[in-house]
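*Asks:* Take the sequences, apply the hints, and build the full model.
Residues per chain, in single letters:
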Amino acid sequence: MPLDKLDNLDNEDFTPLIVAFCCNWCSYAGADLAGTSRLSYPAEVKIIKVPCSCRIDPLFVLRAFQRGADGAILCGCHPGDCHYSTGNYYARRRITLFFSMLDYLGIEKQRTHLEWVSAAEGAKFAETMRAFTKQIHALGKNKKIAGGLRKELHANFSAYTGFGGQGGQGGQGAEPTEGRG
Amino acid sequence: MYKMNMQDMPEMLTHMAELMDVYVPVRRGGLVNFEPFSQGVEVDLGTLKTVKSPKDFFLPQVEHLFSAQSQGSKLSVKPQDLPSSPFAIFGIRSCDSRGLEILDSVYLSEPVDKFYEARREKGIIMSLACLDPTATCFCTAFEIDPAEPKADVAMWEVVGQLYAQAQSAKGESLIIELSKFFQKADIGDIAQEQGAIREKASELPWGKLPLQELKSDRLLELFDAPQWEELHKTCLACGICTYLCPTCQCYDVQDHGTGAEILRYRCWDSCMYSDFTMMAHGNIRNSQKERFRQRFMHKLVYHPENNGGEISCVGCGRCVSKCPASLNIIKVINSLVVKADV
Amino acid sequence: MIQDLMIERAKQLLLSGEITCAAGWKRGDFITDSQPAIFESLQELENLVYDKYCAANLSKYLVGLNLKEGKILVFLKPCDSYSFNQLVKENLIKRESVYIIGIGCEGNIRLEEMQGTELLERCLVCTKTEHVVYDELVGEQLNAREARSRFEGVLELEQMSSGNRYGFWHEQLSRCIRCNACRNVCPSCNCRKCVFDNNKYDTGQKASVSTFEDQMFHIIRAYHVAGRCTDCGECSRVCPQLIELHLLNRKFIKDINTLYGPYQAGEDISAQGPLTDFNAKTDPEPGIIHQGGQADV
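Protein chains in written order, with the numbering used here: chain A, 35 to 215; chain B, 12 to 353; chain C, 3 to 299.
The set of hints was computed from the structure by calculation and includes no laboratory data. Some hints here could point you the wrong way.
As the list claims (entries may be wrong) - With a straight-line cut-off of 35 angstroms between C-alpha atoms, the simulated DSBU-like cross-links for lysine-lysine are:
{"id": "1", "chain 1": "C", "residue 1": "Lys256", "chain 2": "A", "residue 2": "Lys177"}
{"id": "2", "chain 1": "B", "residue 1": "Lys244", "chain 2": "C", "residue 2": "Lys283"}
{"id": "3", "chain 1": "C", "residue 1": "Lys91", "chain 2": "C", "residue 2": "Lys28"}
{"id": "4", "chain 1": "C", "residue 1": "Lys96", "chain 2": "B", "residue 2": "Lys244"}
{"id": "5", "chain 1": "C", "residue 1": "Lys70", "chain 2": "A", "residue 2": "Lys143"}
{"id": "6", "chain 1": "A", "residue 1": "Lys168", "chain 2": "C", "residue 2": "Lys91"}
{"id": "7", "chain 1": "A", "residue 1": "Lys177", "chain 2": "B", "residue 2": "Lys85"}
{"id": "8", "chain 1": "A", "residue 1": "Lys80", "chain 2": "C", "residue 2": "Lys96"}
{"id": "9", "chain 1": "C", "residue 1": "Lys256", "chain 2": "A", "residue 2": "Lys158"}
{"id": "10", "chain 1": "A", "residue 1": "Lys83", "chain 2": "C", "residue 2": "Lys283"}
{"id": "11", "chain 1": "C", "residue 1": "Lys96", "chain 2": "A", "residue 2": "Lys83"}
{"id": "12", "chain 1": "C", "residue 1": "Lys91", "chain 2": "B", "residue 2": "Lys211"}
{"id": "13", "chain 1": "B", "residue 1": "Lys85", "chain 2": "A", "residue 2": "Lys175"}
*Replies:* Following this line, the structure appears as structure tokens:
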């Protein structure tokens, strides 16, 4: 579905980049089904196929954010349905802790989401992606965790700004509101 | 010799900050480091040493060299401009300013490092005598006088007065620029204070080290000394010593690819790290013992060999107080010299 | 004095041939300088010290140690014994090749310029007052201390707004100089090759051009030791830039305790680690974080 079909968009100019990590056996097949059923979901969602939801290293998610992603959605088989029997149970614990850590670091928690999507749930996949895209749209550009140039002591160093693709100077664009230490 | 009231110092710094970037020691979150001065920033001259040495003003931890972008079949390379804005560092200690001279002997000898050279030209060093050298200091072992800092402008804090003495043309013109804050003073005013500092410095526990024993004609003997085996044992291979050191100078050149372009930069390297001097064929120093030895051989033997006997340690004591395993250059010198002579 | 007892016992063990070397601490350049050391002879053992400056956790030095013969003697404070146990659990230390003498601890001193009088932060919140593993205990076990809750700092942060938390961490992590001391001193950081030592993967062990790398280093490091971190506090002790790294580790510990039941790494080597385990029925969904469950602002 093109963006303008999504209702109540706050920021028409902003085109988010959303990375969806999908497990090979359920969620990716779900996305396939969405396609063959001619159900549309936003083109902003880029799918990365992983063998299992427990293959998703938090490093992948952080790297995605650094390279300009505005949201990351993780999808796997429903608990109990893992192709490898128990992979998604482990993933569930890990991802819960990881999401909690991102929140603790002050990263907007709405930028991350986990959804169990089976191979039969093409409609759910499309709907989930639509809803998540809308959510990221409302949230705006990811500034907090995108890679910015290292803050150097000497002013001249930071004269260079063409780094980091979309992320640009995101790291510095989001100035801290109030420190503690 | 000039002097001013310590109370006027913030105003003078504010005035200076209009002319150039000014960096001063600031206490934040329990530690003191150099930070940009702006009005209201509280200058901490009471703390003897900043955690990081001020070398990163001249040799930043990360320095951008150039970027390259491919557009179709064309490759465009955009070099980084040389740093051009003037800046001053206020309150460097004798050891750290001597550390810069040692960096000069590496980066300003042929082939000259253009980035370093530009920063040295634009930077003004305002150093401050150490009123109270602490037990971890051993600058006197390297004939550095904490009472007579070498810099563009040397400064002394004596009973509420800040005395300043220009030692270079750059320093001279800065003093003239700031003349409304200063009044003439007599060099004798600081003599007593200098005497007191020197007396304290003469009592530093490690103020005398048997450096004359580390002659480069003993290079092979020192290289093969059995003590390295013992010394490196508890080294954790972290980079604290190299990164806090005012004279550690190694860097690594790396590329950062963003997909659309490449950013080539250099960053501090550390001989403690496993990929130090990593080459296509592998690494020439595969064990921590070899890497540990490299650090001290470089400082005590190789550097002096190439630079007229100048040992590349200034006795700032940062490695002494910060090493997690409490290994440091004092222990290495003492161990090498004592045991080699027995 | 406990130090004399330790020396005497170590000498006996060395003479009897039960051990071939000993890991302890020796006096360095200053009275406050108790540095970790490996002792191999009776003569060297004379230099063994034990005092409130013996902060180094010796367990790390035993990782991957492969003795040809005999045992190594190690002196462990109560909190160090947790690290040791965790390493045994991870098959990185052979329990049978180590002889452990447990020693009491009154807390270690935080040093600045080799001087100090205050206890380390980890000692102010210490609850690990008894050894979880030892062959024998030597000297008086002076371990009981009035301790604050170690989660106070975490709670304080959790109660801040998301923006202020970001501000706090931004300030903390931007101090990092990538000296890797936190990683190298950590008993749980024991990968043969760290993911951050991989120069083919865009993650350097040195400072990168992007500030993000330093943030990511600490986030991922804390994550990699989650469920295995015994909260020994070495990372915060050694950080030259005084980054409050324990606040990252304790967040994971607190979350694990809340979500999956109380767990103390290193306490029981037969217990399954919380991240290598699951409960199909009772584990909450990650959505609990988004719904503003226990970890909400």
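*Asks:* Decide, hint by hint, whether the structure agrees.
*Replies:* Checked hints:
1. Between Lys256 of chain C and Lys177 of chain A, the direct Cα distance comes to roughly 28 angstroms. Compliance with the 35 angstroms bound is thereby established for this hinted pair.
2. With a C-alpha separation of about 49 angstroms, the suggested pair Lys244 of chain B and Lys283 of chain C falls outside the 35 angstroms cut-off, and the hint is violated.
3. Taking the CA atoms of Lys91 of chain C and Lys28 of chain C, the gap is about 29 angstroms. The hint holds against a cut of 35 angstroms.
4. With a C-alpha separation of about 20 angstroms, the suggested pair Lys96 of chain C and Lys244 of chain B falls inside the 35 angstroms cut-off, and the hint holds.
5. Distance check on the hinted pair: Lys70 of chain C and Lys143 of chain A sit about 52 angstroms apart at the alpha-carbon level, beyond 35 angstroms; violated.
6. With a C-alpha separation of about 46 angstroms, the suggested pair Lys168 of chain A and Lys91 of chain C falls outside the 35 angstroms cut-off, and the hint is violated.
7. Restraint check for Lys177 of chain A and Lys85 of chain B: the C-alpha separation of about 32 angstroms stays at or below 35 angstroms, so the hint holds.
8. Distance check on the hinted pair: Lys80 of chain A and Lys96 of chain C sit about 47 angstroms apart at the alpha-carbon level, beyond 35 angstroms; violated.
9. Using a Cα cut-off of 35 angstroms, the hinted pair Lys256 of chain C and Lys158 of chain A holds, with the two alpha carbons roughly 34 angstroms apart.
10. Between Lys83 of chain A and Lys283 of chain C, the direct Cα distance comes to roughly 27 angstroms. Compliance with the 35 angstroms bound is thereby established for this hinted pair.
11. The suggested pairing of Lys96 of chain C with Lys83 of chain A is violated, with an alpha-carbon distance near 40 angstroms, which exceeds 35 angstroms.
12. For the hint linking Lys91 of chain C to Lys211 of chain B, the alpha-carbon distance of about 52 angstroms lies beyond 35 angstroms, and the restraint is violated.
13. In summary, the hint linking Lys85 of chain B to Lys175 of chain A is supported, as the alpha carbons are separated by about 32 angstroms, within the 35 angstroms threshold.
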